[in-house]
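*Asks:* One-letter residues, chain by chain:
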Amino acid sequence: MQKIGKFSTQIVLSVILACTGMINFAMAVVEIDITKGNVEPLPIAITDFQGAGPQRQLADDIGRVISSNLQNSGLFKPIAKAAFVQKIKDSNTVPRFEDWRVINAQALVTGRIVRERDGRLRVEYRLWDVFGADEMASQQFFTTPKNWRRVAHIISDAIYQRMTGEKGYFDSRIVFVDETGPKDKRVKRLAIMDQDGVNKKLLTRGSDLVLTPRFSPSRQEITYMSFEGGQPRVYLLQIETGQREIVGNFPGMTFSPRFSPDGQKIIMSLQTDGNANIYTMDLRSRKTTRLTNTAAIDTGPSYSPDGKNVVFESDRGGRQQLYVMRENGANTQRISFGNGRYSTPVWSPRGDLIAFTKQRGGKFLIGVMRPDGSKERILTEGFHNEGPTWAPNGRVLMFFRETPGAGGGPRLYSIDLTGYHERLVPTESFASDPAWSPLLD
Amino acid sequence: MKLGVVISGTIHVTILTWGLWNISAPEPFVVSRVAALPADFIPFDEYTRSVEGDSKASRKEKTAPVPTKNPPEREPAKNVGDTKIDIKSEVKAPPKPEQVDISKPLPKAKEVQPSPVVKPEPQPEKMVKETPVPTNELSSLNEPPKPLNEQKFEEAPAKADEGLKFAKLPDYVPLPVSRPRPPEPKTAKTQQRKQPDEIKQAIDKASAKDEEISSEDKIAALLNKQDPAATGKKRSPEPVSLGSEKSNSSEKLSRSEMDVLRNAIEQCWNVPMGLSDVEDMRVTITMNLAKDGNIDGRVDVEATGGQNQTRRAFAESARRAVLKCAPYNLPNEKYDTWSQVVVNFDPSQMF
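If you read the protein sequences in the order shown, they are chains A and B. Position 166 (the first sequence) corresponds to 165 in numbering that gives the first Met the number 0; numbering is contiguous. Position 335 (the second sequence) corresponds to 334 in numbering that gives the first Met the number 0; numbering is contiguous.
In case anyone wonders, no lab produced these hints; they're calculated from the structure. Check the hints yourself; a few may be wrong.
Calculated cross-link-like contacts (lysine-lysine; reagent style DSSO-like; alpha-carbon spacing at most 30 Å) [said to hold, decoys possible]:
1. A:Lys80 - A:Lys200
2. B:Lys251 - A:Lys35
3. B:Lys68 - A:Lys35
4. B:Lys199 - B:Lys68
5. A:Lys145 - A:Lys86
6. B:Lys323 - B:Lys333
7. B:Lys290 - B:Lys251
8. B:Lys290 - B:Lys333
9. A:Lys200 - A:Lys166
10. B:Lys323 - A:Lys76
11. A:Lys166 - A:Lys76
12. B:Lys251 - B:Lys323
13. B:Lys323 - A:Lys166
14. A:Lys86 - B:Lys323
15. A:Lys145 - A:Lys200
16. A:Lys88 - B:Lys323
17. B:Lys290 - A:Lys80
18. A:Lys35 - B:Lys290
19. A:Lys88 - A:Lys76
20. B:Lys323 - A:Lys35
Next comes chain A alone, as it looks inside the complex:
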């Protein structure tokens, strides 16, 4: 009651304050509140980078990669080059902003490539605020010509970060399961590629079935499940050296591994006698710790970015649902209460959301919810969607979608948090189980 009284006095006070404010300002000032806006992607003009001689082609390619990166993020809409009024001759001079305002470009990117004496490339770019008539950012990078694509990704990240305020994710890689061959005799191999689908590199030979690869947050390492030797086991693989090792010496089957945020531990499920429980293993001391102890199947664990909580799926309530517990296994709470079965939870690197796969009415949906289970949103649905993974900035999800039929197979897709910008990640062959790497150093 006292609380209500206090609240009402606050309301009365604020109303009085608001009224006096109105009296003061109503005379000379128009004050309006903008509570909604345009959710269209931001129109941006990316001009051809300047380059002389052999750098001409490279300059075009870099511009194209930046343009494609920004477009794929769903937040930018590169303007067609045919619409450009001004032809940029020198990227070091201030552009004629009126010409770019006419075509409604809100930002403008110019740049050039110069070959240095030592054979390296110098790549410069400038980002202009068209309506504010100002330079927003400018940087230059030195690299070997072979590395031009990475420079294009880094520039994309810089533009993305400057314009949106969030870190980019373009300079990152995806590890996934590359699938070839007919449906009944699929060959599954681990592979790695850039986030835009190029520079694919195979990591395993394909003699054994591999599943659920996961990136280490701190090192060039992957953990995955393999049926090598007839028994499903969790493995650890060094990308650079190709060195492999089994994680933990458990008597049963281990699966769905994932790194802890500091990269020091692996959390996974161990199946014994028809039920599965969650364990962690410290990579330095090789010490294992049991976190759950139930007769149900607890699996798919994922750490929160601060490492204090773990989300996992369990059928202890009869159906697969999502639960959150402390990292020591205490204080377990169910967070998913919607209609259907929830699986493969992944905590966002930003910490604000948990992505999941949901089965409902014969369909597979990919959605997100807050860590307390509120504000569930479905981003996409289809015949078979599964295995979401977060981009390093927590803005975009990648998952695989399987098409039905004999000729059907899994493909990788990315979708942004609004659910509006879904796109196919181009791969030469079928691909499943993607896992996004952290940003490269």
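Once you have looked at the hints, place chain B on chain A.
*Replies:* What follows is chain B alone, placed relative to chain A:
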């Protein structure tokens, strides 16, 4: 008894059956669907002000009133008296009486010779005898010419009392040279109006009277035009004028005009989607607008909430929105109300 029940029952059944068919429900009252019309609530005084003036009339500016001057302050009078003009004479003490020594014999008074009295010389009266000159004009008249000298006055009829002396009358009196004209007939006339020239003269005369107004003041008054008052109501003595340039302070942008402005900015605002903590961020942009709707000078951006990077991106998106939207299309006559615009960006309801 039994018969009564049967009769009663029969009548009841008959009436109910009749009523079932004849007393039917009324036709349903069908109201046609009308699309909602946007309506503004305008207070009476605002409406009255808004209809003052005439949009077709030309602008009439009035000269500013000449500043009045205080009359020169008069110093307090030094002498007390009845005169209206203060005579600035020194106040003198009355002369003291001389002390006279009685013991000494008085000096001999001088004999004063009486001055001869000057007799005024009798001046002969100048008699101007106007000799009437016979004019030719008379001959032009139809009357027969009369010899002027022949005119005689009738003597007094009573001769009995001759002892009485009468004043001697002049022998002749001048005759009017022209015949009296009858007064011109008066016709019904419209009320006399002053011609513009007369008004100007009158103004000049009036201003000439006031010698205290310097010519500089007059020039200043001519240059310093007053904003025309939005007059022109039926009983107003002022000429009809094209509204007032300076709006009344209570005049505000109407709800629909505000909506137009709001919609324009909302369309121009590309919201940076998916920023973390976007719900907590607020941006307030203050900008001055010129009369043509363009932004005058720099826009002032204030942002709160979120982290540095995201706050900057968010504030820049808001700034881009208001820059992109310019020039703003707002009613010119209300310029005073929208010369400064404050835009609050509040995305808390969006996500």
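*Asks:* Quick one, are B:Lys290 and A:Lys80 close enough, alpha carbons at most 30 Å?
*Replies:* It is violated: about 36 Å lies between the C-alpha atoms, which goes past 30 Å.
*Asks:* Does B:Lys323 lie within 30 Å of A:Lys86 when you go C-alpha to C-alpha?
*Replies:* holds, 22 Å
*Asks:* Is A:Lys88 within 30 Å of B:Lys323, Cα to Cα?
*Replies:* Holds, at roughly 26 Å.
*Asks:* Take a quick look at whether A:Lys88 and A:Lys76 sit within 30 Å of each other, Cα to Cα.
*Replies:* holds, 23 Å
*Asks:* Is the Cα-Cα distance between B:Lys323 and A:Lys166 30 Å or less?
*Replies:* With Cα atoms ~26 Å apart, B:Lys323 and A:Lys166 stay inside 30 Å; holds.
*Asks:* Keeping to a limit of 30 Å between CA atoms, is the pair of B:Lys251 and B:Lys323 held or broken?
*Replies:* holds, 25 Å
*Asks:* So if I understand the rule, the pair passes when the alpha-carbon distance is 30 Å or less; does B:Lys290 with B:Lys251 pass?
*Replies:* Given pair B:Lys290, B:Lys251 holds - Cα atoms ~16 Å apart, limit 30 Å.
*Asks:* For A:Lys200 and A:Lys166, compute the direct alpha-carbon distance and say whether it is at most 30 Å.
*Replies:* holds, 26 Å
*Asks:* For the pair supplied as a hint, B:Lys323 and A:Lys76, is the alpha-carbon distance within the 30 Å limit?
*Replies:* Roughly 17 Å separates the two Cα atoms, so the pair holds.
*Asks:* Measure nothing beyond the straight line between the CA atoms of B:Lys323 and A:Lys35; if it is 30 Å or shorter, mark the hint as holding.
*Replies:* Measuring from Cα to Cα gives roughly 16 Å; hence the hint holds.
*Asks:* Within a Cα-Cα threshold of 30 Å, do A:Lys145 and A:Lys86 meet the stated pairing?
*Replies:* Satisfied, since the Cα-Cα distance of roughly 28 Å is no more than 30 Å.
*Asks:* Between B:Lys68 and A:Lys35, is the straight-line Cα distance small enough, at 30 Å or below?
*Replies:* violated, 60 Å
Violated hints for the displayed structure, listed by number in ascending order: 1, 3, 17.
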